[in-house]
Each structure stands twice: as C-alpha cells, then as structure tokens.
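Kindly produce the complete structure, drawing on both the sequences and the hints.
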Amino acid sequence: MRAVGWAPDMIDSLLTPVALLGRAVISVTRSTGRLTLFLFEGLSHIFRPPFYGRMFWSSFAEFSYFSLPMVALIALFTGMVLALQSATGLSRFNAESEIANLVVISMTRELGPVLTAVMIAGRVGAATAAQIGTMRVTDQIDALTTLSTNPMKYLVAPRLLAGTLALPILVLVADVVGVAGGYLVSVFKFGFASEVYLSNTLNFMTTLDVVSGLVKGAVFGLLVALLGCYNGYRSRGGAEGVGSATTASVVVASVLIFVFDYIITELFFSR
Amino acid sequence: MSTTDHNGSGRNSGTKIRVRGLRKSFGDKLVLDGVDLDVETGTSLVVIGGSGSGKSVLLKCILGVVEPDAGVIEIDGEDLLRLPRKQQDVIRARIGMLFQNGALFDSLPVWENVAFGLLAENKLGRADARKFVPEVLAHVGLAASVGDLYPAELSGGMQKRVALARAVAANPEMLFFDEPTTGLDPIMGAVIDGLIVDCVQRLGSTAIAITHDMASAARIGTCAAMLHKGKIIWSGPADHLLTSGNEMVDQFTHGRRKGPIQMELRK
Chain G
1 MRAVGWAPDM IDSLLTPVAL LGRAVISVTR STGRLTLFLF EGLSHIFRPP
51 FYGRMFWSSF AEFSYFSLPM VALIALFTGM VLALQSATGL SRFNAESEIA
101 NLVVISMTRE LGPVLTAVMI AGRVGAATAA QIGTMRVTDQ IDALTTLSTN
151 PMKYLVAPRL LAGTLALPIL VLVADVVGVA GGYLVSVFKF GFASEVYLSN
201 TLNFMTTLDV VSGLVKGAVF GLLVALLGCY NGYRSRGGAE GVGSATTASV
251 VVASVLIFVF DYIITELFFS R
Chain E
1 MSTTDHNGSG RNSGTKIRVR GLRKSFGDKL VLDGVDLDVE TGTSLVVIGG
51 SGSGKSVLLK CILGVVEPDA GVIEIDGEDL LRLPRKQQDV IRARIGMLFQ
101 NGALFDSLPV WENVAFGLLA ENKLGRADAR KFVPEVLAHV GLAASVGDLY
151 PAELSGGMQK RVALARAVAA NPEMLFFDEP TTGLDPIMGA VIDGLIVDCV
201 QRLGSTAIAI THDMASAARI GTCAAMLHKG KIIWSGPADH LLTSGNEMVD
251 QFTHGRRKGP IQMELRK
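These protein sequences, in sequence, are chains G and E. Okay, so the first sequence: first residue is 1 according to the numbering used here, each after it adds one. Okay, so the second sequence: first residue is 1 according to the numbering used here, each after it adds one.
Think of the hints as simulated: they come from the structure by calculation, not from any bench. Careful, some of the hints might be misleading.
To be verified - Over 10 Å on every C-beta distance to chain G, these chain E residues come out as not near it, computed from the model:
1. Asp28
2. Thr41
3. Gly50
4. Gly77
5. Arg92
6. Ile95
7. Asp128
8. Arg130
9. Gly194
10. Cys223
11. Gln251
12. Arg256
As the list claims (entries may be wrong) - Distance ranges between label pairs, derived from CB positions:
13. Glu247/E with Thr36/G: 51 to 59 Å
14. Val28/G with Arg256/E: 47 to 55 Å
15. Ile46/G with Asp89/E: 17 to 25 Å
16. Ile187/E with Val28/G: 51 to 59 Å
17. Arg256/E with Pro49/G: 53 to 61 Å
18. Arg34/G with Asp89/E: 54 to 62 Å
Owing to the predicted nature of the structure, the values given are computational and were not obtained by experimental measurement. We treat Cβ as the ideally placed atom computed from N, Cα and C, and that holds for glycine.
Next comes the structure, spelled out in structure tokens:
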C-alpha cells in the first residue's frame, strides 16, 4: 500500500526492517514445524517393522566407536585445563581441595555432554548430512522408494536411534577421562595425594550430576542425528546444496545443543 | 479394457498404465499441464521432449516420488492416487526404474544394489540373493566378479548396466527408463538399448522410456509420444517419429534450430 503525499520510498524503507523481521519469524516457525514433523515421522519408524539392524549398527559405530579417540582426547585436556585454572583461582582462597569437586561437577554436568555433543555434531552430524544429501541429489533416495524401501525408515530412523543411544556412552567416557585429566594435573603438577583427590571426587559427585549429564547426552545425540538427517534429506541442487545442508546441520545442531542444555539444566537443578 | 491376470499370459491385452489430466507445478512453474497418456500392456512407449519439458516429473509422479497436484493415474484399472498409501506401494513395487544417472547406492557393493529390492521385500535371504545376483548380472552382460565391486569402481556404461540389472531383478511388470543412454558413447548407448529391449521382451514388461536420443527412441520404442510444455502434443507408432507430419515433432526429431519450438535463450 502506498500513502499519498508521502514519499513511497520512505515508507518502504521504514517498513523494510519490519518486513524482514516478519519474514524471519515466519521462516523460523515454518522450519520448526517441518523439523518437528520430520522428527515424529522418524521416531515413529523406530517402533514399526521392518527394522534395519545393519543400518543401526553401522551408524551406532560411527557415532560411538569411531568417535571415541577424539572425545577422549578432548575430555582429557578439558579436565586438565579445568584443574589448572581452578588451582590458580582457588589458591587465592586456600581452597585447593575444591579442585576435585569443581572438576567432577563441571565435567559430569556440563562439559562432558556439551563438548562431546558439539564434537559429534561436527564429526557425525556433518557426515550424515553430506551422505544423505548426496543420496538425495543423485536420486538414491527416490531409488529407495522404487525398491519398496521407505527412506525415512531405512536412513533416518536408525540414525536417530543410534545418536540417542550412543551419546550417553560417549558422555560417560568423557566424564571418566575428564576426571582423570584433572587427577593427572592435581597429583603430578600440584602434588595432591592421589587417594585424597579420588576420595574427594567420589564424595562430591552425586548420582544426579551424572544422570543429568547422560540425559543431556541422549537429547543432544538425538538433536545431532535429527539435524544431520533433516538437512541432508531436504537438500537440493547438487554440490552446493549438499554443502549448505552440511553447514546448516552443524550450525543449527550446535545452537540447539546450547539451548537445550539450558532447558535441561533448568529442569534438573532449578528449585 | 484394463483387466489383466497376473500369470503372465494376460500381459498382451488392455491398457496397463492410463494417465488423465496430470498436473504438477513447482512454485509458480507449471511442469505438467494436463498430461493424458495410455500405455498398452506389453508395449514400450518412448516419451520424447526437450530438457525441462516435464518428462522426468511424469515418471516420478507415476512412481510416487513426486505428488501430482491433480489428475488420475490408473495401473491395471486401479486409480492409484485414491488408494491408501500401503496399497499404492504394493502396486508400485511392480515397477522397476532405471534412473538417469543410475542412482546406485554407493555405500553398497554391486551385488547388494542388484538384490536390494528382493531383500527389501524378503523374497530372498542374503545368502540366496548373493547366489542369485550373478544370473541377473549375466542378463546385462556383466561377469559375476563385478558383484563384489562398489559402484564408484565402475565405468559409466557398467554403472548403467548394474542399474538396469537392479531395475529388472525382481521381474517387474512395468519398467521405466529415464534417459538410459545419456552420457554414454554411441556404441555403449546401443548396447544398453539392446539390453533394455532384451529385458523388456524376456519379462514381457510394459515399458516407458524417456529420452531425447532419437536413435535410442527408435530402438527401444514400439510407440512414441512427445511432451512439450507439460502437454502431450503428439503420439503414434515409434516408427512414425521421423515422418509424423507434426511440425514440432519434426523440428525435434531432426534437431532443427528454427521451427515452432522456440528455445528460451537470452539474446
């Protein structure tokens, strides 16, 4: 609509930000809806036969076994740097004995699940999007349909399940290795008594810390698998389309990991 | 009449595939604008038409990987789009499809590609499928040892042959070919066409092939139709393609730059 007497360009330029905002909101709402429908369709196929055990196991191995070295390495250095940082901070209050506490709580509640999930988003989520995206643009997904195979059941459901089950295992490994990293620095660098550090760790740690971390792991795993599958499945237009699907899968999964991290923490720990 | 008994003997009568008023647009681009098509049982129809004339979309609509906006698709007299999805899938399982670029699953070895449909429908176990695959590969002129290779290790012509083997492995009643000779040298193109004709005759299938390769059209087809701007503008016996008397078909089959069909080129 154009108002008489006003420079139409001026109205347009005033309205542009509003229009952009409106468009952004509509597009976010639309993608959220699509993503949610995709999730429910994918999940529903987990419980309905036929089941593709091979697809599940290969994807489970990709999520868990082949990611183990990287996850362990990152957790080790995270635990070590946590101990190092907290030692310098806590020494000001003569509270070095709290290092074990700080390391174990940070690792189990936050850093274990979040760092692992972000790493997996980069490693497996991106690969999933690239793989499914390539299948889409080379008609392999259509070929599945013509060979009496539902692509949602064959490609998506096994990956969603694998991500959800594999991430808690990785988180557990990250917890243990992270605590070990803290132990190494505390014992060998700062000269803590080994048994004191370990007993401190065990005394401070609660079941809730670990369980909340594992639940986060499961949710993040589902998110990473979901975003990888969704973006790959919807990719269009050759190599470029697959490329942007891969980027989107990592970026959106990473953002959602932090958003859901807050939500789950709120659910577990806010009273 | 469109009834057919399924013991194979009745494959020579009636309309196998009947399409009426099929419409599909993507966004504001109208791709199929009311396509009417009849394919008689046991015949091979070649659909010719320029790039972007909607040939692939037509096949994909019948295959159920693209949902049409309107129209009727009947197979053996059954109105496909009005059936529940499960029953549609049962009917579509009788169609074998050769995709333009093969669309082989690159994460699976050749033998699993070929046996994929049989495994999916539980017609064969993995061990039996493995034994059965060399027989299918032989029909397309490939040695049994190819079964252990991965698609990326094959040449373009071999990939096409494996894709053909995969399409015919389950003895489908209907076979669709999407530009089977595109990207192949003329000799390999002729070889693939020969294999296609062999397979169609051996199985007694009803076939639809889309192509813009006139030599290929003449070899594969018993009848032909031309799709232009989302409509069928001509149909007739395949050997009348070059002498149809239709200006657009003439321009297309003879590859003339000037004529009723204007390419949308920016000057």
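Practice problem: Please test the hint of 51 to 59 Å on the beta carbon pair from Glu247/E and Thr36/G. | Solution: holds, 53 Å
Quiz item: Is the nearest CB of chain G more than 10 Å from the CB of Asp128/E?
Solution: Non-interface label stands for Asp128/E: nearest chain G Cβ at 17 Å, farther than 10 Å.
Practice problem: Check the following: the C-beta atoms of Val28/G and Arg256/E are separated by a distance inside 47 to 55 Å. | Solution: holds, 51 Å
Quiz prompt | Cys223/E non-interfacial with respect to chain G [C-beta, more than 10 Å] | solution = holds, 23 Å
Self-check item: Minimum Cβ distance from Gly194/E to chain G greater than 10 Å, as the annotation requires
Solution: holds, 23 Å
Exercise. Test the statement that Arg256/E is away from the interface with chain G: the closest C-beta pair must be farther apart than 10 Å.
Key: holds, 31 Å
Quiz prompt | Reported absence of Asp28/E from the contact zone with chain G (all CB gaps over 10 Å) | solution = holds, 17 Å
Quiz item: Non-interface claim for Gly77/E: all C-beta distances to chain G beyond 10 Å?
Solution: holds, 22 Å
Quiz item: Is the hinted range of 17 to 25 Å satisfied by the C-beta distance from Ile46/G to Asp89/E?
Solution: Once the Cβ atoms are compared, 20 Å apart, the range 17 to 25 Å for Asp89/E and Ile46/G holds.
Practice problem: Decide, holds or violated, for the assertion that all CB atoms of chain G are farther than 10 Å from the CB of Arg130/E. | Solution: The claim stands: Arg130/E keeps its Cβ more than 10 Å from every Cβ of chain G (closest is about 15 Å).
Quiz item: So does Ile187/E sit 51 to 59 Å from Val28/G, Cβ to Cβ?
Solution: holds, 54 Å
Exercise. Report holds if the minimum CB distance from Gly50/E to chain G is greater than 10 Å, and violated otherwise.
Key: The claim stands: Gly50/E keeps its Cβ more than 10 Å from every Cβ of chain G (closest is about 20 Å).
Figure legend: structure checked against the earlier numbered hints; hints not met, in rising order: 5, 6 and 18.
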